[in-house]
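Peer 1: Please dock the two separately framed chains into a single complex, following the hints provided.
One-letter residues, chain by chain:
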Amino acid sequence: MTDVKTPVERPLSPHLFIYKPMLTMLMSIAHRITGTALYFGTLLIAWWLLAAASGPNTYAAMGSFINSIFGRLILFGYTWALLHHMLGGIRHLIWDTGRGFGPYEREWLAIATLVGSISLTIIIWVVGYLFVGGPR
Amino acid sequence: MAVGRMSTPLARVRGLGPAHSGTDHFWHQRLTAVANVPLIIAFVFILIALLRRNHAAVVQILGSPLVAVILLLCIISVTAHMRIGMQVIIEDYVQDQRAKLVLLMANTFFVVAVALASVFALLMLSFKV
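Keeping their order, the protein sequence lines are chains L and A. Heads up, the first sequence is in the numbering used here, so the first residue is 1 and it goes up one at a time. Heads up, the second sequence is in the numbering used here, so the first residue is 1 and it goes up one at a time.
Fair warning: there could be bad hints in the mix.
To give an idea of the interface, some chain L residues facing chain A are shown, with a C-beta separation under 7 Å as derived from the structure [what the hints assert, rightly or not]: (1) Leu49; (2) Leu50; (3) Ala52; (4) Phe101; (5) Gly116; (6) Gly128.
No lab work stands behind these hints, which were simulated from the structure alone. Glycine included, each C-beta is placed from N, C-alpha and C at the ideal position.
So here's chain A without its partners, still in its complex pose (with noise of 0.2 Å):
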């Protein structure tokens, strides 16, 4: 939120800065990297305990309620926190404005794509019987 004297009165009660969405980003990354640390801890104690067991087990551990709606907010928070810092390693390295544009297109697209995959198997493993 640089704010110096060369902006309006309005633009400082907006306190949005030059990009017009202020802190947004910055504050859903910390958010979500608060939330990612319990969350890919109970991540990887659910895969622990799901190794070596056959595919029913699997089926029916991943598909129970509590493991369910940890590994549904885990993808949540996760896919979440990759876009803004994917967004931000674009933003950083790619100076062409067209490959830019067509990056973060493809950045968005692609985590959209692996969070709905995601919560799409889960959904169908929670409700399969």
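This is chain L alone, in the form it adopts within the complex (with noise of 0.2 Å):
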């Protein structure tokens, strides 16, 4: 473990960029974007389960962090998030069975993922403000 050779400048192939986006591409990408952010979300789970162990008071203070604007901001996009890794989830499960490669199927599975995953969090967040009022 002597000094490390200056690597030789080899061409590179030409990475993601050069492709024109495709709809099932972005949702590739939109996959692991939002399964990190749901990584890192769950230290707001484990927080929220945390405060309400701790008593009335920790929990009080959490609630007023996820009732301020950017704390509903992130709870909305967290369930977005939420909803669609799930879809995007089913998807792959789908495409595991050996189907849904096709062309137009590929391209449905893509546009159904985003339409649900969109109004599945609309629908959630209507019911949750129209029905029982919203968070507290």
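Peer 2: What follows is the structure in structure tokens.
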């Protein structure tokens, strides 16, 4: 383990960005990004559970953060990321069975994932606000 | 399980491929993915049911056996799933070996800490009368 030799400058293959962005490709990227967001978002879940276990004051402090505009924005984004990743995951499970790879099907699945995740997010928030009265 | 002509008969029998772990990660990623679907749906319903409730009510609901068990299963499945997912992302994008090793360790630490904190809190809520 002495000096590492300087690597030879070889031509690199052009990566993703030389391609025209396609929906399936963007959805693949979105799956990873939402997965990463959910990964760090679990801190929020752990914080919430610990706050509930800690007592009324800690729980109220967390509640006031979630109730702020910033907190609600995070929660709204988290809802969409969760649903998008879930529907994207179901799409992957369909692909695992060997189905849905045709040019029409894969496009349809991508659109269904996107439309599904956006509409379900809106439905959940409408239900949350109309019937329950929103977070507090 | 890419077992070609170049591999020995023993390697072919083991079927573990060059990573020596076979398809374990692939399988566990799917297993937890399937488990996550009903668990996350239940989690969202529980969360909506807890909106606008005061602390005492939230503690009572989170600590009730059925809700606690659903949430514990959810945490176990989700954290296992996200550990594998983040490992794949790190292995795909981090070229530097030292940084990769550090990040893979950090990934495990993060996941175990989140899982343990959540499980601990839920058990506390369940057993606190």
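Peer 1: Next, verify each hint and record whether it holds.
Peer 2: So, going through the hints one by one against the coordinates:
no.: 1; hint: Leu49; result: 4 Å, holds
no.: 2; hint: Leu50; result: 5 Å, holds
no.: 3; hint: Ala52; result: 6 Å, holds
no.: 4; hint: Phe101; result: 17 Å, violated
no.: 5; hint: Gly116; result: 13 Å, violated
no.: 6; hint: Gly128; result: 6 Å, holds
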